[in-house]
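Novice: Each chain, letter by letter, is given below.
There are 2 protein chains.
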Amino acid sequence: MDRRKFIRSTGAATVATAALAAPAIAQSMPELKWRMTSSFPKALDTIYGGGETVARYIREATDGKFQIQVFAAGEIVPGLEAANAVGSGSVEMCHTCSYYYWGKDPTFALGTAVPFGLNSRQQNAWMYYGGAIDLMNEFYATHNLVGFPAGNTGAQMGGWFRNEIKSVADLQGLKFRMGGFGGKVFSKLGVVPQQIAGGEIYQALEKGTIDAAEWVGPYDDEKLGFYKVAPNYYYPGWWEGGAYLHTMINKAKWEELPPVYQSLVKTACQAVTADVQAKYDYVNPQALKRLAAAGTKFHPFPADVMEASFKAANETYADITASNAAFKKIYDSMVAYRADAFLWEQFTDYTFDAFMMGQQRKKAL
Amino acid sequence: MDRRKFIRSTGAATVATAALAAPAIAQSMPELKWRMTSSFPKALDTIYGGGETVARYIREATDGKFQIQVFAAGEIVPGLEAANAVGSGSVEMCHTCSYYYWGKDPTFALGTAVPFGLNSRQQNAWMYYGGAIDLMNEFYATHNLVGFPAGNTGAQMGGWFRNEIKSVADLQGLKFRMGGFGGKVFSKLGVVPQQIAGGEIYQALEKGTIDAAEWVGPYDDEKLGFYKVAPNYYYPGWWEGGAYLHTMINKAKWEELPPVYQSLVKTACQAVTADVQAKYDYVNPQALKRLAAAGTKFHPFPADVMEASFKAANETYADITASNAAFKKIYDSMVAYRADAFLWEQFTDYTFDAFMMGQQRKKAL
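Listed in order, the protein sequences are those of chains A and B.
Its first residue numbered 1178, the first sequence is counted upward by one per residue in the numbering used here.
Its first residue numbered 1178, the second sequence is counted upward by one per residue in the numbering used here.
Keep in mind the hints are simulated off the structure, nothing from the lab.
The reader is advised that the hints may include incorrect statements.
Pairs count within a copy or across copies, as identical chains cannot be separated in the list.
[Claimed, not checked] Below, simulated EDC-like cross-link-like pairs (lysine to aspartate or glutamate); rule was C-alpha separation at most 20 Å, straight line:
hint	residue 1	residue 2
1	1540	1481
2	1443	1432
3	1466	1517
4	1443	1237
5	1505	1311
6	1539	1484
7	1540	1484
8	1506	1517
9	1540	1517
10	1219	1399
11	1488	1509
12	1443	1229
13	1539	1517
14	1540	1492
15	1443	1240
16	1540	1509
17	1400	1383
18	1506	1315
19	1365	1252
20	1539	1399
Everything numeric in this text was worked out from a predicted model, so none of it was measured.
Here chain A stands alone, though its shape is the one from the complex (with noise of 0.2 Å):
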């Protein structure tokens, strides 16, 4: 029996109502307790940090009533599980990269990164003004989730090679570790991609087990100590040009949120997508320079591997779309924008860029 029925039943006095009814501002703002499942572990202060600032904005902004824990990777369930925990409702929300679960279905992909898309910047237009984010919710619907961007990684290395890439034969038979869509890309040109969990790479990389292996970008990886087996250093990282962190909320307990609660969670997403973009941009240059200073070798993809590997990303695209309509829809709307994009990019951002880059070159920064 609830408590207002309660109250009928007894017939209680209205004033013992009045003073027992809690006052509006807390029907609007329920004490609420949630937990998030982190995909990622607390070493990678970055990403696992995006969690933890999306939860600290919301208790902050509701004087503690919207209370959010967040528990590191493995903690309730491995990095890897998150949404789908989430989807069946056993936790209520998660931070994590949509593109995580693109076996289960190759649109979550679209969600965070796909192959030759869009960079951080565009990925942002796309979303918040480009209506990604409710198309790409639509599709998570039908997974029972609710998500939001919260942080952006920028443009990921390639990744640390064992030995140098001088062509696309070099990369025939490769053992690659990399994370799923890409992978799938990448073994049209023969690399073979592993699936490798982040704490098992080294080990595998020094023991010859894997040849390369690709993570996200010099801060997150000179702590993973690659450089110290396999120095030469790819990039750039075509399969994520901007890849997203994502809020995933279990969808029915969305529904239930007030909306004074769903409008703070879609702001705290919305700042944290910059301030994970933030961080990285602050401390990737420094984290290149002591990779340098270590011996790290810094190479471009050869031309042609970048060639075929657009090529084959397309290839994946036209197989993909002509089965796969919710796929179709949401690639159709990031295509239709990207052309776009990279036209208006190479006038004034990309030439301030460029003379800015010139200068650092010849040291008069």
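Chain B: place on chain A using the hints.
Specialist: Quick look at chain B alone, frame taken from chain A:
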């Protein structure tokens, strides 16, 4: 007499005090009605809209308890007086650009953008992780202001010129409508900066009273119609590689805000930093194509103009830092990050974007 003193002096019973006291939530989240004076007209939905979005995020997350009413430029005070009105306490807050006030002290310019400074992502890195928000607020405090970034335009265009600019020689005596600090630098090359309000630029350009005018970028500039009378559209706007908008708050009013609202204001502003940039990045490509269809001639500034401007900027910085300690402290912080940031950008972000821009030029996207 305040209420507590009244209760003490009348000897009201403890129980009465308890009954009258507001519940804890109301103390941490009081009902507030503030005014925000914008530096922008409503017609500029990008930048004026940034202030409205700050207000909306705050209103929604407080269930309407913290209401901020936004006024367009001129409704309370002229656009370029916004921060002055806030500093003096006649309005609680504004949405503006700090560099509008560079005439009072050039240190204000560092909060928005300075010639050959940082791009949009780098600005965020420096502000949120490089300590620049705190550095700027040490300075803003001397003007009774507290300020937070709340929107970014990205690199702006260099403006509309009646005639082509083929070298530095063509800048001699050129009457150029341009904002603040950039004009100080450009004047070293013979440009004669003109201060003209937005609504009067078109007529001045048409009549030839001025030779050129800069505003923001394709989407905003298109509305003002400059392409009809000055068809040469130059880039990049080297004086604004990533120009911030700001929420500024009267310092005493800020200090009266409960911590819940202080945190929410900061979160909302950070979210709007992402939001305004996202909107520009979505609407500018479309406007660019419309302007091209209308006959706009796009030109990069000649190399000698860029190099001479860079040299003039550095001379200007040398002059100012020699005599302005506040400017020097913040400028040095920016410069220390800038060189590393433009080094790092040359790796994965630049090579990813360059490859994609190449595909765009080949019409392969």
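Novice: All hints are to be evaluated individually against the structure, with a verdict given for each.
Specialist: Comparing the hints with the structure gives:
When the C-alpha separation of residue 1540 and residue 1481 is checked against a cutoff of 20 Å, the pair qualifies only between copies, where the shortest distance is 18 Å, while the shortest distance within a copy is 31 Å. Taking CA atoms no more than 20 Å apart as the test, residue 1443 paired with residue 1432 passes inside one copy only; the shortest distance there is 14 Å, against 26 Å between copies. In this homomeric assembly, residue 1466 and residue 1517 come within 20 Å of each other (Cα to Cα) only across copies, at 8 Å, whereas the closest approach inside a single copy is 34 Å. For the homomeric pair residue 1443 and residue 1237, the shortest alpha-carbon distances inside one copy (15 Å) and between copies (11 Å) are both at most 20 Å.
Only within a single protomer do residue 1505 and residue 1311 lie at most 20 Å apart by alpha-carbon distance; the minimum there is 15 Å, versus 46 Å between protomers. Only between protomers do residue 1539 and residue 1484 lie at most 20 Å apart by alpha-carbon distance; the minimum there is 12 Å, versus 30 Å within a single protomer. Taking the shortest alpha-carbon separations for residue 1540 and residue 1484, only the inter-copy value of 14 Å comes in at or below 20 Å, while the best intra-copy value is 32 Å. For a Cα distance limit of 20 Å, the shortest separation of residue 1506 from residue 1517 inside one copy, 18 Å, qualifies, whereas the shortest one across copies, 40 Å, does not.
Within a single copy, residue 1540 and residue 1517 get their C-alpha atoms only as close as 33 Å, which misses the 20 Å cut-off; across copies the closest is 11 Å, which meets it. Taking the closest pair of Cα atoms, residue 1219 and residue 1399 come within 20 Å of each other only inside a single copy of the chain (15 Å); across copies the shortest separation is 48 Å, beyond that limit. Within a single copy, residue 1488 and residue 1509 get their C-alpha atoms as close as 17 Å, which meets the 20 Å cut-off; across copies the closest is 45 Å, which misses it. Taking the shortest Cα distances, residue 1443 and residue 1229 sit within 20 Å of each other both inside one copy (15 Å) and across copies (16 Å).
Taking the closest pair of Cα atoms, residue 1539 and residue 1517 come within 20 Å of each other only across two copies (13 Å); inside a single copy the shortest separation is 32 Å, beyond that limit. In this homomeric assembly, residue 1540 and residue 1492 come within 20 Å of each other (Cα to Cα) only across copies, at 17 Å, whereas the closest approach inside a single copy is 42 Å. Taking CA atoms no more than 20 Å apart as the test, residue 1443 paired with residue 1240 passes in both settings, with 18 Å inside one copy and 15 Å between copies. Only between protomers do residue 1540 and residue 1509 lie at most 20 Å apart by alpha-carbon distance; the minimum there is 16 Å, versus 43 Å within a single protomer.
Proximity of residue 1400 to residue 1383 under the C-alpha cut-off of 20 Å is restricted to the intra-copy arrangement: shortest distance 15 Å within a copy versus 59 Å between copies. Taking the closest pair of Cα atoms, residue 1506 and residue 1315 come within 20 Å of each other only inside a single copy of the chain (11 Å); across copies the shortest separation is 49 Å, beyond that limit. Within a single copy, residue 1365 and residue 1252 get their C-alpha atoms no closer than 36 Å, and across copies no closer than 62 Å, so neither meets the 20 Å cut-off. For the homomeric pair residue 1539 and residue 1399, neither the shortest alpha-carbon distance inside one copy (27 Å) nor that between copies (37 Å) is at most 20 Å.
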